[in-house]
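We have chain A already, so just place chain B on it with the hints.
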Amino acid sequence: MRSKPLTLKILDIASLLALAVATYLALIYAPEEATMGQVQRVFYFHIGTAWTGLLGFVFAAGLGVVYLIKQDLKWDIAEVAAVEISAVFFFITILLGSIWARPIWNTWWTWDPRLTTAAITELIYAAYFMLREGIEDPDRRARFGAVYTLVGGLSAPITFFSIRLFRTIHPVVIGSGDPGATGAFAMTSGMLLAFFFALFTFTLIFVDLFWNRVRMGQLAAKVEQLKINLMH
Amino acid sequence: MAATLSHRPSKASLMKAVLAITGKDLAAEFRSREIFSAMLVFSLLVILIFNFALELDIATRQSVTAGVLWVTFAFAGTLGLNRSMAVEKDRGCLDGLLLAPVDRSAIYFGKVLSNLVFMLIVEVIVLPVYAFLYNVNLFNVGLLLVILLGSIGYTAVGTLLASMAIQARTRDVLLPILLFPVAVPVLIAAVKASEGFLAANDFSTIYAPLSLLIGYDVIFIAIAYMVFDYVVEE
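Each protein sequence line maps, in turn, to chains A and B.
Letter by letter, the first sequence follows residues 1 to 232 in my numbering.
Letter by letter, the second sequence follows residues 1001 to 1234 in my numbering.
If we strip away everything but chain A, and leave its shape as in the complex, we get (with noise of 0.2 Å):
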């Protein structure tokens, strides 16, 4: 294996300072929203992380059925790649949200279908590591791992669904308002800014994760080859 690509080096660093600007622009920069006041700044990061978490779930259930179809193995090691960035970023989104929430809903936590989904997404996620923690043979956890990937990936959208059967409490900022939603609010172009600047931002650390995590487990399959052919 060549050592760390020089794209790789140069995105790893784009990504620190894009967090950097994201930080600023989200902490000072973007106004101050009039209600909700200082709290609401943990919105551009909420956004940002729950964005990325999402749509690493959804590449890792396509990285999956690729798997399935070609059966190669570099394409389930980008998969754990994808799903093991998203968790963490999906329990980020849960944190901040939470966060918001304290004063906002004066609670941290209520069972509304986002959070509901959001917390049932991470057990997904959780059991899909168990899931391979519990087999060996590395073509069989491969398989089993997109199979679940896919079935998870399924049912997160339709659980979403059958939770909007009660009631929401969750604002929509993008898109129209539900009039029952307690915390929304309309963006300024400051506060826009600060905002799409920060998607993009976790798009760029997510692509740099990503990148890293499967050069990592091209390595780490490439050490277990090599202890194999020791033994023989």
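These are computed hints drawn from the structure, not numbers from a lab.
Since this is a predicted model, take the numbers as computed values, not measurements.
Just to be clear, a hint being listed does not mean it is correct.
Simulated restraints on C-beta separations [stated by the list, open to error]:
no., chain 1, residue 1, chain 2, residue 2, range
1, B, A1053, A, L193, 49 to 55 Å
2, A, L219, B, Y1207, 52 to 58 Å
3, B, M1226, A, I99, 37 to 43 Å
4, A, N106, B, G1215, 32 to 38 Å
5, B, S1204, A, L219, 57 to 63 Å
6, A, S3, B, T1170, 35 to 41 Å
7, B, T1205, A, D139, 45 to 51 Å
8, B, T1170, A, L193, 47 to 53 Å
9, B, C1093, A, S3, 47 to 53 Å
10, B, A1028, A, N106, 52 to 58 Å
11, A, I228, B, T1170, 21 to 27 Å
12, B, D1172, A, S189, 55 to 61 Å
13, A, N106, B, Y1207, 30 to 36 Å
14, B, A1028, A, S3, 56 to 62 Å
From the structure, some residues in chain A lie toward chain B, with a derived Cβ separation under 10 Å [to be verified]:
no., residue
15, E122
16, M130
17, E136
18, D137
19, R140
20, R143
21, V147
22, A156
23, R164
Heads up, simulated DMTMM-like pairs for lysine to aspartate or glutamate below, C-alpha to C-alpha not over 25 Å straight-line [to be verified]:
no., chain 1, residue 1, chain 2, residue 2
24, B, K1089, A, E136
25, B, K1089, A, E133
26, A, K74, B, E1234
27, A, K74, B, E1233
28, A, K70, B, D1103
29, A, K70, B, E1234
30, A, K222, B, E1234
31, A, K70, B, D1229
32, A, K74, A, D12
33, B, K1089, A, D139
34, A, K70, B, E1233
35, A, K74, B, D1229
36, A, K227, B, E1234
37, B, K1089, A, D137
The beta carbon of each residue, even a glycine, is placed where N, CA and C say it ideally should be.
Okay, now just chain B, sitting in the frame of chain A:
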């Protein structure tokens, strides 16, 4: 030409294979009764525990009956699903089934059907017992329909995941962990629809969860049918 034709089994022979596998499971179960009795006794225990855990007085009973029933069915269901697949694995029957000259999907549908029958038999016994113990009328055609639809979805996903779980090292604990997060939509929709029918609500309020149940059943039977090959492949 004849060889390629015999390679693709006709619908009739697929149906025959499915029924043969279901018949085998039911015959084995009829003799040993180990899955069925475990599921039934477990369900009755769960209902008993709920009685103390929730203090099921008359007022609470109205609102929690649907939830208690579905939690009971879900727990008993995992017990049955795990056992019915583990039996195949332990005695090497799964390899035998895989060697049989039938389509893999026949094995899947055969197992789903026998698991569904186990679950339905348990439900048919639990319902009157619950009605008797808590003095609520559960004989409701709508409720029975919801139970049928919910059980179909639950066993369709459960059979697929159980066939993965039994091949893992941690197989005894793995199935509920894999199954519950993806079966959440079935349980939510089933509880919602059962509640609606039990409270004799207007059908327009039951329509949404009921169609969700049907949608879930269709989607997951299709998905499981497509991926089952990869799960049992050696």
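Evaluation of the provided hints:
Against the hinted window of 49 to 55 Å, the Cβ-Cβ separation of A1053/B and L193/A comes to about 53 Å, which satisfies the hint. At about 54 Å, the beta-carbon gap between L219/A and Y1207/B stays in the expected band of 52 to 58 Å. For M1226/B paired with I99/A, a C-beta distance near 41 Å keeps the hint of 37 to 43 Å intact. For the hinted restraint 32 to 38 Å between N106/A and G1215/B, the CB-CB distance of approximately 35 Å keeps it satisfied.
Range check, S1204/B to L219/A: Cβ separation about 58 Å, and the 57 to 63 Å hint holds. One distance hint, 35 to 41 Å for the beta-carbon pair S3/A and T1170/B, holds here, with the actual separation near 38 Å. Look at T1205/B against D139/A: about 48 Å separates their beta carbons, and that is inside 45 to 51 Å. Restraint check, T1170/B to L193/A: a C-beta distance of roughly 49 Å satisfies the suggested window 47 to 53 Å.
The hinted range of 47 to 53 Å is satisfied by C1093/B and S3/A, whose Cβ atoms lie roughly 52 Å apart. Between A1028/B and N106/A the Cβ separation comes to about 57 Å, which falls inside the hinted range of 52 to 58 Å. In this structure, I228/A and T1170/B meet the distance hint of 21 to 27 Å, their C-beta atoms being roughly 24 Å apart. The hinted range of 55 to 61 Å is satisfied by D1172/B and S189/A, whose Cβ atoms lie roughly 57 Å apart.
Range check, N106/A to Y1207/B: about 34 Å between beta-carbon atoms, so the 30 to 36 Å window is met. Taken as a hint, the range 56 to 62 Å holds for the pair A1028/B and S3/A, whose Cβ atoms sit roughly 59 Å apart. Because the closest C-beta pair between E122/A and chain B is about 9 Å apart, less than 10 Å, the hint holds. Among the interface hints, the one on M130/A holds; its C-beta lies about 6 Å from the nearest C-beta in chain B, closer than the 10 Å criterion.
Taking 10 Å as the C-beta contact cut-off toward chain B, the hint placing E136/A at the interface holds, the least distance being around 7 Å. With a cut of 10 Å, the hint placing D137/A at the interface with chain B holds, because the nearest CB-to-CB distance is about 9 Å. With 10 Å as the threshold, the beta carbon of R140/A comes within range of chain B, its nearest partner Cβ sitting at about 7 Å, so the hint holds. About 5 Å separates the beta-carbon of R143/A from the nearest beta-carbon of chain B, less than 10 Å, and the hint is met.
A hinted interface residue such as V147/A counts as satisfied when its beta carbon comes closer than 10 Å to some beta carbon of chain B; here the least separation is about 5 Å, so the hint holds. About 8 Å separates the beta-carbon of A156/A from the nearest beta-carbon of chain B, less than 10 Å, and the hint is met. Given the 10 Å rule on beta carbons, the hint for R164/A holds: about 9 Å separates it from the nearest Cβ of chain B. For the suggested pair K1089/B and E136/A, the alpha carbons sit about 17 Å apart, so the restraint of at most 25 Å is met.
Distance check on the hinted pair: K1089/B and E133/A sit about 20 Å apart at the alpha-carbon level, within 25 Å; holds. Note on K74/A and E1234/B: the hinted pairing holds, with a Cα-Cα distance of about 20 Å set against a maximum of 25 Å. A hinted pair counts as satisfied when its Cα atoms are at most 25 Å apart, and K74/A with E1233/B qualifies at roughly 19 Å. Note on K70/A and D1103/B: the hinted pairing holds, with a Cα-Cα distance of about 21 Å set against a maximum of 25 Å.
Taken as a hint, the K70/A and E1234/B pair is honoured in the structure, with Cα atoms around 17 Å apart against an allowance of 25 Å. Between K222/A and E1234/B, the direct Cα distance comes to roughly 24 Å. Compliance with the 25 Å bound is thereby established for this hinted pair. Note on K70/A and D1229/B: the hinted pairing holds, with a Cα-Cα distance of about 14 Å set against a maximum of 25 Å. At most 25 Å may separate the alpha-carbon atoms for a hinted pair to count; K74/A and D12/A meet this at roughly 22 Å.
For the hint linking K1089/B to D139/A, the alpha-carbon distance of about 19 Å falls within 25 Å, and the restraint holds. Taking the CA atoms of K70/A and E1233/B, the gap is near 15 Å; set against the 25 Å cutoff, the hint holds. Note on K74/A and D1229/B: the hinted pairing holds, with a Cα-Cα distance of about 21 Å set against a maximum of 25 Å. Only pairs whose Cα atoms come within 25 Å are accepted, and K227/A paired with E1234/B is accepted, the gap being roughly 24 Å.
With a CA separation close to 17 Å, the supplied pair K1089/B and D137/A stays within the 25 Å bound.
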